[in-house]
Structures are given as structure tokens and as C-alpha cells.
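Undergrad: Residue numbers (the working numbering), protein chains in the order written: chain Z, 1 to 187; chain V, 1 to 159.
Keep in mind that the hints were calculated from the coordinates and are not lab data.
Cβ atoms here follow ideal geometry from the backbone N, Cα and C, with glycine treated the same way.
Please note that the accuracy of each hint is not assured.
To be verified - Here are the simulated DSSO-like pairs of lysine-lysine, each with C-alpha atoms no more than 27 Å apart in a straight line:
#1 12(V) - 92(V)
#2 151(V) - 92(V)
#3 12(V) - 151(V)
#4 48(Z) - 132(Z)
#5 187(Z) - 48(Z)
#6 92(V) - 187(Z)
#7 48(Z) - 92(V)
#8 12(V) - 136(Z)
#9 132(Z) - 187(Z)
Stated by the list, open to error - Covered stretches of chain Z, as calculated for chain V (at least 3 residues, CB under 8 Å):
#10 61-68
#11 78-89
#12 161-171
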Amino acid sequence: MSFTLLGILNSQAAGGGATPTFDLLATEIMTNNSTSTIEFSSIPTDYKHLHIRARVRFANSANVNDLAFRINNDTGIVYTEHYARGAGGSISGNSSSETTRGILGSTSAANQDSGIFGSFVIDIANYRGSNKKTVKSWNGVTSSSFMRLTQHDTVFDRTSAVSSLQFFAGDSGNFDTNTRISIYGLK
Amino acid sequence: MATYTHIATVEKTSASSTIVFNNIPQSYQDIVFHCDMLGTTNDYVYMRVNGVTSSSYSNLEWYGNSSQAVYSFSFMPLAWSNAILSSSSRAKAVVEFLDYSDSNKNPNPITQHGNPYDGRMGGGSGRYKNSAAVTRVDFITSSGNFAVGSKIHLFGIEA
Chain Z
1 MSFTLLGILN
11 SQAAGGGATP
21 TFDLLATEIM
31 TNNSTSTIEF
41 SSIPTDYKHL
51 HIRARVRFAN
61 SANVNDLAFR
71 INNDTGIVYT
81 EHYARGAGGS
91 ISGNSSSETT
101 RGILGSTSAA
111 NQDSGIFGSF
121 VIDIANYRGS
131 NKKTVKSWNG
141 VTSSSFMRLT
151 QHDTVFDRTS
161 AVSSLQFFAG
171 DSGNFDTNTR
181 ISIYGLK
Chain V
1 MATYTHIATV
11 EKTSASSTIV
21 FNNIPQSYQD
31 IVFHCDMLGT
41 TNDYVYMRVN
51 GVTSSSYSNL
61 EWYGNSSQAV
71 YSFSFMPLAW
81 SNAILSSSSR
91 AKAVVEFLDY
101 SDSNKNPNPI
111 TQHGNPYDGR
121 MGGGSGRYKN
131 SAAVTRVDFI
141 TSSGNFAVGS
151 KIHLFGIEA
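Just chain V, with the same shape it has in the complex:
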């Protein structure tokens, strides 16, 4: 039984500040985002769950030989220490939401990324302080835009 299934891909055909996955199917155990991103400028990328913009997020980021924790933020950063997006080379990230539809568990995305802006590798562990099923995930730039050709693929894993 094949269990790692492509659900959707969003590819930017015009520059904008968001990539949104809405109406995420609830029929998988885990969902995984594979990100291949280019910016119109060097920039940060944030995530939000279910469109919630309140201070409902915490995140620990590990980058190079340092780490940084943030509490009660209005987003989860993919990389907070420095810009992850570059206008000259593509940033890669994998974002894993395990048990994304389990109402007994807060979403806890774990991420790994390569950061072309300053050549660092890193990762993160986030929390959305709510046990609602994840039906929407937004990827948002801080000040610039995702450039044309940026792609994020969404996969579902069964269990």
C-alpha cells in the first residue's frame, strides 16, 4: 500500500507574499511540505495555521551553532535568526506536521532548512496552541514576495 501521496503543489506564476494551502484533506496521519523557494529580496518566511493571526504560536529555531526560542508569537518562523529567502539562490525546507488532525494534540511542526542567504543549515520545532485539526497552512514572507517559480509541494502520509 503506497502511503506517501502527493496532495497538491503551489507554484508562483506571479510574485506575491503568500502561499496558501487551504481545505487540506483530513484523511492522512501526517502531512509534509517540501519547499523550494526564491525571494524577490532576502527575506524571512513565517507559517500560520488555520489562518489564525493571534499570539498562539511558539517556536524553537536551531541555526548553525545557535538556537533561539520565541513564545506567544503571531506566527511560526521557518528561520528567525536570519533571512531564509534569497533572491539569488533557492531555499529548501521540509515541514512535517505529524498527527495534524488529532484533536488530542497541539500541532507541532518540525522543520529542517537550508538557508542560502548566509549559508547556514537549521531547523525548528513549533507549536500552535490549539488542538483543532490543521485544515490550512499559510507560508508568508516578511517584507518582500515569493518570486516566480517558488514551489511548495504538499504530501500526505497514511498510518
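Just chain Z, with the same shape it has in the complex:
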């Protein structure tokens, strides 16, 4: 599913930088479980930072899945990840070699109780600058038998502006009904 961000949703004047701005750019809510990719395209270029908030669950038959992403639909080996993860009574951290996607954290899949959706708060600072981009995610999911709490930082090894974002399952699968992802612009 793709959602193109219209200019009319971004009609607020710049205001000379005096007024802090936190604008909703778009929201996607799944009405069925047949979508494998949620895309936000034509992201406006007149903000400083992007902020994403999501409640996510996948429909594949498993207890857990990861929320993955790409920038500008770039499938190159350009994503380097560092993370710390709490799981039950232990905590671990690691980093990855460059790969073809970034990971934002862990969430529930179809084997969990129906009301279990992971929460994600994600920031992309200076998303249209000429430096490489860092995507920071804070994520948690909690059920009666399964818990994850993660922080992921992914470096996107390109200098191009972020003009689109694609979200999908790290371990394959469709988004479950009522998954919601919202994207905001900050000035």
C-alpha cells in the first residue's frame, strides 16, 4: 500500500522559525491483512526532521516478527544497524554489517493474543541534509508470555534526501488488521 503525501497536507507557513511545528503528514491504518509494504512517498522537503509513530502487528504464524524499513526504496547494501534489546530477564546488544534493509525493532505476530501490538517511536533527524542519515527507533511489545524492549539505530549509507519510506516485515508476512503508522514533520 502506498500513500503519496499531498502538498495540501503541508500547507502551514514556515513562520520564520519562531513557532515550533509538529505536523501530521499522513497516517496509514490497515483494514485487512493483505498488505506487505506500507509506503509513504513524496515526503515534503520543508521540514527539518521526521517523526514516525506506529502500533504494528504482523499476520504471519509466529510469536514475533521485526519491523523493517527502506529509504527511497533503496535495496542496496547500505543499511548498518546497532541495537540494544531487552528480552525477558536479559539484555543484549550487537551491530550488523551493511545489509539491504534496516530494522526498527520487534513486534507481535499472529500467534500472540489478538490485542497485542508493538509500539514504535522513530526519528529521522535532518532527513533532507547532505549527510548520511541515521534512523533511531524506540520500541516495545509486551504480552503475557513474551516481551521485547529495543533501541535500534540504523545508518543509511547514502547522502540523498529522504523522499520516501517503505515499511515491511523483517521475516516476511503481511501487516495485520488495525496496524497503524503515522508520519510527522518537525520544524
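Keeping the supplied structure of chain Z fixed, place chain V upon it in accordance with the hints.
TA: Same frame as chain Z, but now just chain V:
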């Protein structure tokens, strides 16, 4: 369209063991609490949803280089490994309830905190095992009180 809106602030003008946000508006997508807290003693802080005191909560806490899980508790701790409140320096926490009024989802607050008592940073992921809309959130100390000047701000985010 401005979408990060201040809803309410509770500031303690006398010491007590609770800070309560009741009748939370249901017109936002998410609510966020920004906590700036001082204790009358070194102390824990718990959360409850909708005034429910039964064993309806689970929580995973991450603190420093350890984590701890609790199941079927009667509250969700902001920090369970050690006291988060200090009587000498202010504890900070951000508590995010995404989709707090969505009847298809259990509330899953995710938190981040700085703990002046022992200098640790940490966070948590909780669950209230119910899909009722969140209309009330209580912050409760364990044995002491929130000191005068403790503040918690509530914001709403639209989507």
C-alpha cells in the same frame, strides 16, 4: 496543523502519593506524559490504567545493563529494579501510550527514564491486559510521597 497539544499539567503543591489524570480526552491518537518528579524519599513509581488494581499488568524494564520482566502484577512500574525517585535530584521520564483509545489493542506504554537515585538510564514496555480505552492514568509512589514541585505534563498527538 499543529498536532502535539498540551492537555493538562499536574503540579504537586503538597506532598502526596498519587498524581492522577482522569477524564483523559479521547480525541487524540496518542497521549504522552512528560514527568519531572521529586520524592520525599528515595522511592519507586508505579502506573495504573483506569483505576484498575487487579493483576492485569505486565512489564519489561531495561535498566543500565540488565532487564527484568514481571507478569500479572497489580501495577506497571516506571522503574522496578531500583528507586526512580530521589529526594535530592529530579527524576525524568517520558511515557507514551500509542493508540490509547483503540478498542482493538491492549494499551502498551513504552517509557524512557533517567534515574537520579543510582544514576542509571532505563526504559520499559508495559501491557494493560484489556482493550478498554485509557481514560485515567495514576502515577503512584510505593512508600513515600511525590514532593512539592513534582510535575507531570500530559500531551495529545493527533493522527
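Undergrad: For every hint, state whether the structure bears it out.
TA: Hints versus structure:
Between residue 12(V) and residue 92(V) the CA atoms are separated by roughly 15 Å; this keeps the pair inside 27 Å, and the hint holds. Our distance criterion of 27 Å between C-alpha atoms is met by residue 151(V) and residue 92(V), whose separation comes to about 10 Å. Restraint check for residue 12(V) and residue 151(V): satisfied, since their Cα atoms lie roughly 7 Å apart, inside the 27 Å limit. For the suggested pair residue 48(Z) and residue 132(Z), the alpha carbons sit about 15 Å apart, so the restraint of at most 27 Å is met.
For a cut-off of 27 Å, the pair hint linking residue 187(Z) to residue 48(Z) stands: about 5 Å separates their Cα positions. Between residue 92(V) and residue 187(Z) the alpha-carbon distance is near 24 Å, which keeps this suggested pair within the 27 Å criterion. At most 27 Å may separate the alpha-carbon atoms for a hinted pair to count; residue 48(Z) and residue 92(V) meet this at roughly 26 Å. A hinted pair counts as satisfied when its Cα atoms are at most 27 Å apart, and residue 12(V) with residue 136(Z) does not qualify at roughly 34 Å.
For the hint pairing residue 132(Z) with residue 187(Z), the CA-to-CA distance comes to about 20 Å; that is within 27 Å, so the pair holds. Against chain V, the stretch 61-68 of chain Z contributes 0 residues with a C-beta closer than 8 Å to a partner C-beta. That does not satisfy the three-residue criterion, and the hint is violated. Chain V is given as covering the stretch 78-89 of chain Z, and this holds because 5 residues of the stretch bring a CB closer than 8 Å to a CB of that chain, at least three being needed. Interface restraint, the stretch 161-171 of chain Z with chain V: violated (0 residues with C-beta to C-beta distance below 8 Å; minimum three).
This entry does not satisfy hints 8, 10, 12, going by the numbered hints stated previously.
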